[in-house]
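Sequences listed follow chains B and W, in order.
Using numbering that gives the first Met the number 0, you'd call the opening residue of the first sequence number 0 and step up by one each time.
Using numbering that gives the first Met the number 0, you'd call the opening residue of the second sequence number 0 and step up by one each time.
Watch out, some of these pointers could steer you wrong.
[To be verified] Residues from chain B that keep clear of chain W, each with C-beta distances beyond 10 Å, as calculated:
#1 A177
#2 G181
#3 Q186
#4 A190
[Claimed, not checked] Below, a sample of chain W positions facing chain B; criterion: calculated Cβ distance under 8 Å:
#5 A79
#6 E80
#7 N132
#8 L156
#9 A180
#10 L242
FYI, nobody ran anything at the bench for these hints, they're computed from the structure.
For each residue, glycine too, the CB sits at the ideal point set by N, CA and C.
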Amino acid sequence: MTATTSAAPIRGRVVPPRPRPPWGLYTGLLVCAGVTVWAATGIDFTLTPLFTNLTRGQEVIAEFFRPDWAFAWRVRERWIETLQLAVVASFAGCLVALILAHLASDVTAPPWLARTMKGLLAVERSLPDVAWALLAVAVVGNGALAGILALFAFNVGVAAKLTAESVDAVDRGPVEAATAVGAGGLQRAVAAVLPQVMPNFLSYSFYVFELNIRASLVIGLVGAGGIGQVIKTELSRFQYSHISAIVVVFVVVVFALDQISAWLRRRLI
Amino acid sequence: MSTVETRPPASGAAPATRPRRPNPWKQVTGSAVTAAIVVLCVLTVDANWGRLPQAPGILGDYVQLMTRGVLQNPMNDPYAEYWSKAFEYMVESLQMAWIGTLVGAVLSFPAAFLAARNISPRPVVFVVRQILNVIRAVPELILAIAIMLPIFGLGPLAGALALGVGSVGTLGKLGSEAIEAVDPRPIEAVSATGAPRLHVLAWGVLPQALPEIVALWLYRFEINIRAGAILGAVGAGGIGSILTQLFAARLWDRIGITLFIIIAVTVLVDQISAWVRHRIIAGGGKDAAAAEAEALA
């Protein structure tokens with residue numbers, strides 16, 4: 000106390016030294032600016048159509064404001080199919096992902112296996128949902144089965160990665176205890192790891208289910224069943240009032256699912 | 000004698016009893032309901048399950064054809080063009096994703112402040128959050144079909160703008176959460192100097208929240224690369240356009256090359272982006288995994 004009071008008034012206020020200029024930040028900003036210019040010229044970025052062509056989209060947008068509600072009800076079977084695809088694919092995908100996640104974590108698998116699995120999952124996730132859907136349609140033909148397979152492939156990557164991170168982060172105490180009483184790899188996973196990751200895993204499963212509903216548009220657009228298929232046909236017939244009704248219902252469904260799943264996830268964690 | 004003494008006194012007082020098993024009815028009903036729903040869906044879905052056993056064989060054949068395309072000498076005549084064409088479209092996808100993310104970042108930046116409870120008044124927060132939720136529910140595909148393609152015409156610009164508007168929902172929501180998580184003391188300190196509201200935001204809030212917000216932008220960039228793929232199918236540019244054409248024509252060697260490029264470029268960009276995110280957030284004590292977990296919350 001006395002030491003500080005006697006030391007402080009020697010030279011009045013001491014201004015701390017200025018921090019060194021952050022050269023790393025400057026180069027980073029420069030790189031970002033460069034990439035932006037390159038990307039903008041690459042895709043011919045311009046906002047002028049917003050002022051000159053705003054009316055060009057008028058007919059389409061006007062059609063969008065006259066949604067044909069009856070149509071949305073007429074295709075109810077496709078809605079149900081969308082839900083069915085999402086349920087089956089997310090259940091199967093998450094189940095497989097749970098096993099893969101245990102193989103992809105240092106906690107439950109030898110390091111070499113964990114590293115290889117993580118790499119494989121990264122490759123698996125790098126393919127977008129359209130690519131999976133196109134592939135599935137090519138293999139099993141148009142229809143719901145292709146949708147299930149495409150969503151399944153997509154889900155495994157997402158759910159396994161997230162769950163593997165949860166497995167990485169488990170409390171090591173129970174794992175050690177299980178090892179101490181002589182548990183094998185499987186017993187250790189079931190008794191010590193699984194109970195810890197279960198809440199997170201269930202929450203990811205809901206998230207994946209939600210993703211599947213969103214992805215069903217994409218999947219259907221390339222012929223793999225669900226409501227997206229309706230959008231595809233109506234798009235080719237320029238029936239925008241039909242599309243708009245479907246879109247509005249779709250948004251409401253996604254919105255509602257979002258809220259329900261957020262509520263469920265809050266309860267689980 | 001001494002062994003008894005070392006025992007904790009509590010166990011001496013009360014005989015050791017096994018704790019009761021937790022009531023399992025919740026888990027049991029949960030599992031039963033899930034199982035019932037799944038079985039119902041499997042039985043009622045109009046899927047041609049009979050084709051499933053043949054699928055691995057067919058897929059194997061295709062994979063063989065695709066690897067044959069990838070393994071051809073990429074300097075030879077038709078293949079050199081296949082590689083460069085696929086790469087060109089992938090670059091276009093990256094450009095779309097970058098510009099889209101940037102547009103989303105610019106639009107969502109003020110929205111994030113308006114949606115943060117510690118910055119804005121309650122009614123504003125409520126309204127802005129609902130708007131962000133609605134944007135989040137509209138898929139990019141629809142934005143492209145309904146708004147961007149009619150106005151901007153076919154091409155990557157429409158796709159980039161669809162990605163941009165689509166990003167606003169998530170970026171705004173997660174950004175507002177980052178802002179809500181800032182330490183209130185610097186805000187108080189800046190306010191105590193009599194600074195106007197804008198300065199409080201600029202010097203009290205922004206320096207704390209910015210690293211996380213920038214990390215979110217990068218994360219969204221990674222997502223937009225993947226999300227942009229479908230936009231090609233409706234004519235909005237990017238790798239999806241060539242991919243759908245190739246699949247329609249069943250040119251398996253070219254499909255193999257294109258998928259290879261997608262995987263290689265995406266994995267590379269993901270790695271770089273993850274590294275940058277780590278560096279940006281290193282001081283904040285949060286890492287990429289946490290940001291991702293937050294993206295789910």
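Beyond 10 Å from chain W, beta-carbon-wise, is B/A190? holds, 15 Å
The hint names W/A180 as touching chain B; please verify it with the least Cβ-Cβ distance against 8 Å. The hint is violated - W/A180 has no Cβ within 8 Å of chain B, the shortest such distance being about 17 Å.
Go through the hint on W/E80 and say holds or violated, using the shortest Cβ distance to chain B against 8 Å. violated, 20 Å
Is it correct that the beta-carbon of B/G181 has no partner in chain W closer than or equal to 10 Å? holds, 21 Å
Answer holds if the nearest beta-carbon of chain B is closer than 8 Å to that of W/L156; otherwise answer violated. Where the cut-off is 8 Å and the nearest Cβ of chain B is about 5 Å from W/L156, the hint holds.
Please verify that hint: W/L242, Cβ, nearest Cβ of chain B, below 8 Å or not. holds, 6 Å
Against chain W, does B/A177 hold up as non-interface, every C-beta pair farther apart than 10 Å? holds, 18 Å
Classify the hint on W/A79 as holds or violated, based on whether any CB of chain B lies nearer than 8 Å to its CB. Status violated, d = 22 Å.
Any Cβ of chain W at or closer than 10 Å to B/Q186, or is the non-interface label fine? holds, 19 Å
Can the hint on W/N132 be confirmed by a CB-to-CB distance to chain B that is less than 8 Å? holds, 6 Å
Taken one by one, the earlier hints fail for this structure at numbers 5, 6 and 9, listed in ascending order.
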